[in-house]
Amino acid sequence: MILTRGKKGQEYRTEQINLQENLLRRLEVLGLTEGTVISVVNKNFNGSMIIRVRGTRFAIGKKVAEGIFVREVKQK
Amino acid sequence: MTNVAFIGNPNCGKTTLFNAYTGAKLKVANWPGVTVEKKEGAFRFHNGNFKLVDLPGIYSLTSYTMEEIVSRDYILSDEVDVIVDVIDASALERNLYLALQLIELGKPVVLAFNMMDIVKERGMEIDFHRLPEMLGTPVIPISARKRSGLDILMHTVAHHKENDSNKYFEHHHEEESLHKHDHHKEFAMVYSDEIEDKIDVVSKRLSKKYKEIQNVRWHSIKILERDAEILKKYPIETEDILTKNYETEIINQKYDFIHEVIHECLVNKTEKEVFTDKIDRLLTNRFLGLPIFLMIMAVVFFLTFRIGDALKEVFAGWLDIFSAWSEAVLLALGTGEVLTSLIVEGIIAGVGGILTFLPNIFILFLALAFLEDSGYMARVAYVMDGIMEKVGLSGKAFIPMVLGFGCTVPAVMASRTLENPRDRLKTIFITPFMSCSAKIPIYVLFSGMFFPENPALVAFSMYVIGLVLGIVVALVMDKLDKKSSDDLLLIELPEYKTPSLRTVIIYVWSKIKDYLTKAGTTIFVASIILWGLLNFNVTGLVADSSESFGAQIGAFIVPALKPAGLGYWQIAVALIAGLAAKEVVVSSMSVLYGIEDISSNAGMSEMMVLLAAQGFGALNAFCLMIFSLLYVPCVAAVATIRKETNSTKHTVFSIVFQLFIAWVMATLVYQVGSLFVG
Numbered sequence: 001m002i003l004t005r006g007k008k009g010q011e012y013r014t015e016q017i018n019l020q021e022n023l024l025r026r027l028e029v030l031g032l033t034e035g036t037v038i039s040v041v042n043k044n045f046n047g048s049m050i051i052r053v054r055g056t057r058f059a060i061g062k063k064v065a066e067g068i069f070v071r072e073v074k075q076k
Numbered sequence: 001m002t003n004v005a006f007i008g009n010p011n012c013g014k015t016t017l018f019n020a021y022t023g024a025k026l027k028v029a030n031w032p033g034v035t036v037e038k039k040e041g042a043f044r045f046h047n048g049n050f051k052l053v054d055l056p057g058i059y060s061l062t063s064y065t066m067e068e069i070v071s072r073d074y075i076l077s078d079e080v081d082v083i084v085d086v087i088d089a090s091a092l093e094r095n096l097y098l099a100l101q102l103i104e105l106g107k108p109v110v111l112a113f114n115m116m117d118i119v120k121e122r123g124m125e126i127d128f129h130r131l132p133e134m135l136g137t138p139v140i141p142i143s144a145r146k147r148s149g150l151d152i153l154m155h156t157v158a159h160h161k162e163n164d165s166n167k168y169f170e171h172h173h174e175e176e177s178l179h180k181h182d183h184h185k186e187f188a189m190v191y192s193d194e195i196e197d198k199i200d201v202v203s204k205r206l207s208k209k210y211k212e213i214q215n216v217r218w219h220s221i222k223i224l225e226r227d228a229e230i231l232k233k234y235p236i237e238t239e240d241i242l243t244k245n246y247e248t249e250i251i252n253q254k255y256d257f258i259h260e261v262i263h264e265c266l267v268n269k270t271e272k273e274v275f276t277d278k279i280d281r282l283l284t285n286r287f288l289g290l291p292i293f294l295m296i297m298a299v300v301f302f303l304t305f306r307i308g309d310a311l312k313e314v315f316a317g318w319l320d321i322f323s324a325w326s327e328a329v330l331l332a333l334g335t336g337e338v339l340t341s342l343i344v345e346g347i348i349a350g351v352g353g354i355l356t357f358l359p360n361i362f363i364l365f366l367a368l369a370f371l372e373d374s375g376y377m378a379r380v381a382y383v384m385d386g387i388m389e390k391v392g393l394s395g396k397a398f399i400p401m402v403l404g405f406g407c408t409v410p411a412v413m414a415s416r417t418l419e420n421p422r423d424r425l426k427t428i429f430i431t432p433f434m435s436c437s438a439k440i441p442i443y444v445l446f447s448g449m450f451f452p453e454n455p456a457l458v459a460f461s462m463y464v465i466g467l468v469l470g471i472v473v474a475l476v477m478d479k480l481d482k483k484s485s486d487d488l489l490l491i492e493l494p495e496y497k498t499p500s501l502r503t504v505i506i507y508v509w510s511k512i513k514d515y516l517t518k519a520g521t522t523i524f525v526a527s528i529i530l531w532g533l534l535n536f537n538v539t540g541l542v543a544d545s546s547e548s549f550g551a552q553i554g555a556f557i558v559p560a561l562k563p564a565g566l567g568y569w570q571i572a573v574a575l576i577a578g579l580a581a582k583e584v585v586v587s588s589m590s591v592l593y594g595i596e597d598i599s600s601n602a603g604m605s606e607m608m609v610l611l612a613a614q615g616f617g618a619l620n621a622f623c624l625m626i627f628s629l630l631y632v633p634c635v636a637a638v639a640t641i642r643k644e645t646n647s648t649k650h651t652v653f654s655i656v657f658q659l660f661i662a663w664v665m666a667t668l669v670y671q672v673g674s675l676f677v678g
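These protein sequence lines map, in sequence, to chains B and R.
All letters in the first sequence, in the order written, are residues 1 to 76 by my numbering.
All letters in the second sequence, in the order written, are residues 1 to 678 by my numbering.
Among the hints, erroneous ones may be present.
With a cut-off of at most 30 Å between alpha-carbon atoms, the simulated DSSO-like pairs for lysine-lysine come out as follows [stated by the list, open to error]:
#1 K8(B) to K390(R)
#2 K7(B) to K278(R)
#3 K479(R) to K62(B)
#4 K74(B) to K278(R)
#5 K479(R) to K8(B)
#6 K278(R) to K43(B)
#7 K390(R) to K7(B)
#8 K497(R) to K43(B)
Just so you know, the hints here were simulated from the structure itself, not pulled from any lab data.
Let the sequences and hints guide you as you build the complete structure.
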């Protein structure tokens, strides 16, 4: 599923990132690569969201979130 | 002389550290991207001379953003002797990524683990014995804010400069590599066998073809990552090697190693970050986020005008006394009438009048300092992203706009954090519509005179008009510009912290100093010139200022201002003079109407009588405020726009455009308003 459909407080593992080259690289250097665990901290009405990646919070726009495909991480 | 470069992730405290060493007072705040230019400073330590360079924060040594290119080019140049990588130890995982890249460069690197006070607060401990073993480079715990560990850090830097001896690495990888190119004893960061093989092949080719390359391994890795700049600079045969893009793998393996490091060196990895999350639950709430932001801004302006006004009365009282005293002294000394007039009606009225607004300016910047240093600024980008997206900008473009409430010059410079050049330009065009602090005296004076029931509300309306107009202009530009924007929101949200007293003092004092300097230079000179223009014409000294040079100049543009309700030669002169600095509009009014204490209640009512006699009423005053809000910013701002856009065409467009909008809006309000006021 795409990250925009993610629920607040839930963790997801990145499966694929479909974004333009430039943005993809910017995400990668922040440690958001395929296989990274993302937790959704907050969501806004317009689709932008706050996520936590490798211990750091980021605000990302809707178009960024739409390019990230994830799978839910089952909580123990 | 030792050249030391400070590098590190955005918002990790490089500038705070730089200030601590050099005694400089560069601006620091708690949002990523405050430093956009490299800054140099010097200091002496133990009989050694050090040159320090503060670089813009970057996440990686790639070359995708302006900041990255500036910082990387400098780090790669021969100018740097020692690299100090400032690391936010409270966000170790992400910060170590850049550290690994820097270590790979092969230059002397010292890791400064900053924010150790926060690490301790959270109950975490870092193994500073094991870390250098794993990374092969000195690691020094410091706190730039608390100024601890600074001497040890510089001491290490001085020693590390000559240190070229082989480092000893001790890793306990789960499966110790039995590969023929075992690099584990040589390098901190060792990749998978597949990648190490490729690195070896590329290294061989590189060093054969380009003997001048010093750090071959780093260049080889960059080639495997298909770094555009390096590939262009050192083209080699790669078709047989680059069978796929290794960038993602290289990044992932670095993060894997970082996990290993953190696993071994970080004790008590508790996630005690609930504080920030709790605040964020409220401040970035989908329903409350926007109202809370608007409320905060309303409170800021309310404080600026209400409390500022109360204090201003005190200042105005002192000015009155000083003015009367000066006049008496000058007369007693037998000073000529002309010179007395210059000093009392020109300089004291002009410059002094402006100084009485100091409390308002002080409170505004105090509030902005708190907003910037608390960590809230980056949240504003998130909260405003919805609205900004609709006008084709990302929420990040809103940060320069908020800064614009303080001063247009740094606000325009802050637009550098936007990656997309088109969005940068758009942001630069709309930032001057944000009402800057220099316009406060205009609002205080005219809303105080003509809207005595609700002066703060009328002043606040100017901020709203400027903000709304800026957003509408961005929307129109977006519609005209067919290509849709691709500057998408991506910004780090720092931890909230209590603003540091030192930071706030540095910030506010630098603004106050700017204001005083402006009063002593620009406004001082403008007041003298204006006094000259008002008291002379070709025949010499004139008794009636309506026959002066000033009146003649003003009369020239009066017809153009008439539809906007501003067709008075005095107003015209004040607006022209206001191009030097917006406060000059007010200082000019006092010189023009010969009022020595324009900001006091007595001065205001005196001025109002004079204006009313000319038929200048509340509607005219409102239009004057709108025109002042929107027309061409001061020369300093125009110069910054020229520098940042690097285009005379765009600068001229910006000037003409602002003038046009100001005229249209003021005219619209005056014409429509006249129908009701009669």
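Hint check results:
The hinted pair formed by K8(B) and K390(R) meets the criterion: a straight-line CA distance of about 24 Å does not exceed 30 Å. Taking the CA atoms of K7(B) and K278(R), the gap is about 18 Å. The hint holds against a cut of 30 Å. This hinted pair checks out: K479(R) and K62(B) have alpha carbons roughly 20 Å apart, not beyond 30 Å. Distance restraint check for K74(B) and K278(R): the Cα-Cα separation of roughly 24 Å lies within the 30 Å cut-off, and the hinted pair is therefore satisfied.
Taking the CA atoms of K479(R) and K8(B), the gap is about 34 Å. The hint is violated against a cut of 30 Å. Of the supplied pair hints, the one linking K278(R) and K43(B) holds, its CA atoms being roughly 15 Å apart against a limit of 30 Å. A distance of roughly 24 Å separates the Cα atoms of K390(R) and K7(B); the hinted pair therefore holds under the 30 Å criterion. For the suggested pair K497(R) and K43(B), the alpha carbons sit about 23 Å apart, so the restraint of at most 30 Å is met.
Hint 5 from the list above is the single one not met by this structure.
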